[in-house]
Amino acid sequence: AQTVTQSQPEMSVQEAETVTLSCTYDTSENNYYLFWYKQPPSRQMILVIRQEAYKQQNATENRFSVNFQKAAKSFSLKISDSQLGDTAMYFCASSSGTYKYIFGTGTRLKVLA
Amino acid sequence: GAGVSQSPSNKVTEKGKDVELRCDPISGHTALYWYRQSLGQGLEFLIYFQGNSAPDKSGLPSDRFSAERTGGSVSTLTIQRTQQEDSAVYLCASSSDYLSTDTQYFGPGTRLTVL
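First to last, the protein sequences are chains A and B. Quick note: the first sequence, position 91, residue 91 per my numbering, numbers continuous. Quick note: the second sequence, position 113, residue 113 per my numbering, numbers continuous.
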């Protein structure tokens, strides 16, 4: 069975600093996709970044980048130059073989002024 | 175009009453998903629709929960005889196809409170 684990329930970071959110997953599939979603207080889940497992290059979207370690089944999210608007819940998710996403329990990130 | 919309935004009901939650997916998206997010938890898959195929209802927690999708577009999630443990945020998502590679786009959710 697929699992996604986020071991950091809460984190905080000073504005303009860099923070890394951890995620580990388990799957027996060879081809799968990994996602980070952001859920601000408005509740709207917003896709931050996605990674195809067959790609060795880490995905990057502006200030957001991932460190994808396939052998270790690790998929961490790095947020550079943190902004107050980055305050949100962050969910890691995986999908493999089917349409179902498996979500972690989330990390609540607070950016401090 | 417009994103996924859900209504109502918030719903407060009394235990034992029935509720209907609505989801309007992104136009042209054939796949639609319902999730439940309880306080402090991740997202729990409830049901999946793809085109005219039979829905995957494997995530529905009890027979009090049902969902339909009319005309391949709008979906309604119905909870009968609501219980306090049904209190949660119900999120709807849609994607352009059924493949696991396709990004799911989420609506803002409906917060259900059962008193």
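Among the hints, erroneous ones may be present.
Over 12 Å on every C-beta distance to chain A, these chain B residues come out as not near it, computed from the model [as the list claims (entries may be wrong)]: (1) E44; (2) Q50; (3) Q80.
Only some residues are given here: those of chain B computed to face chain A with a beta carbon under 8 Å [said to hold, decoys possible]: (4) L39; (5) Q41; (6) G51; (7) L60; (8) F65; (9) V89; (10) T103; (11) G109.
Don't read these hints as lab results, they were simulated from the structure. Heads up, the beta-carbon is just placed ideally off N, CA and C, and yes, glycines get one too.
A quick look at each hint next to the structure:
1. A cut-off of 12 Å between C-beta atoms contradicts the statement that E44 of chain B is not in contact with chain A; the least separation is 8 Å.
2. The claim that Q50 of chain B lies off the interface is violated: its Cβ sits roughly 7 Å from the closest Cβ of chain A, which falls inside the 12 Å cut-off.
3. Listed as a non-interface residue, Q80 of chain B keeps its Cβ farther than 12 Å from every Cβ of chain A; the least gap is roughly 24 Å.
4. Hint on L39 of chain B is violated. Least Cβ distance to chain A is approximately 11 Å, over the 8 Å limit.
5. Because the smallest distance between the Cβ of Q41 of chain B and any Cβ of chain A comes to about 6 Å, under 8 Å, the interface hint for this residue holds.
6. Taking 8 Å as the C-beta cut-off, the interface hint given for G51 of chain B is violated, the closest approach to chain A being about 12 Å.
7. Because the closest C-beta pair between L60 of chain B and chain A is about 14 Å apart, greater than 8 Å, the hint is violated.
8. A distance limit of 8 Å between C-beta atoms decides the matter here; for F65 of chain B the minimum to chain A is near 17 Å, and the interface restraint is violated.
9. Using the Cβ-Cβ criterion of 8 Å, the hint placing V89 of chain B at the interface with chain A is satisfied: the shortest such distance is roughly 6 Å.
10. With its C-beta approaching chain A no nearer than about 6 Å, T103 of chain B sits inside the 8 Å limit, and its interface hint holds.
11. Residue-level restraint check for G109 of chain B holds (minimum Cβ-Cβ distance to chain A is 4 Å; threshold 8 Å).
Against the hints set out earlier in the document, violations occur for numbers 1, 2, 4, 6, 7 and 8.
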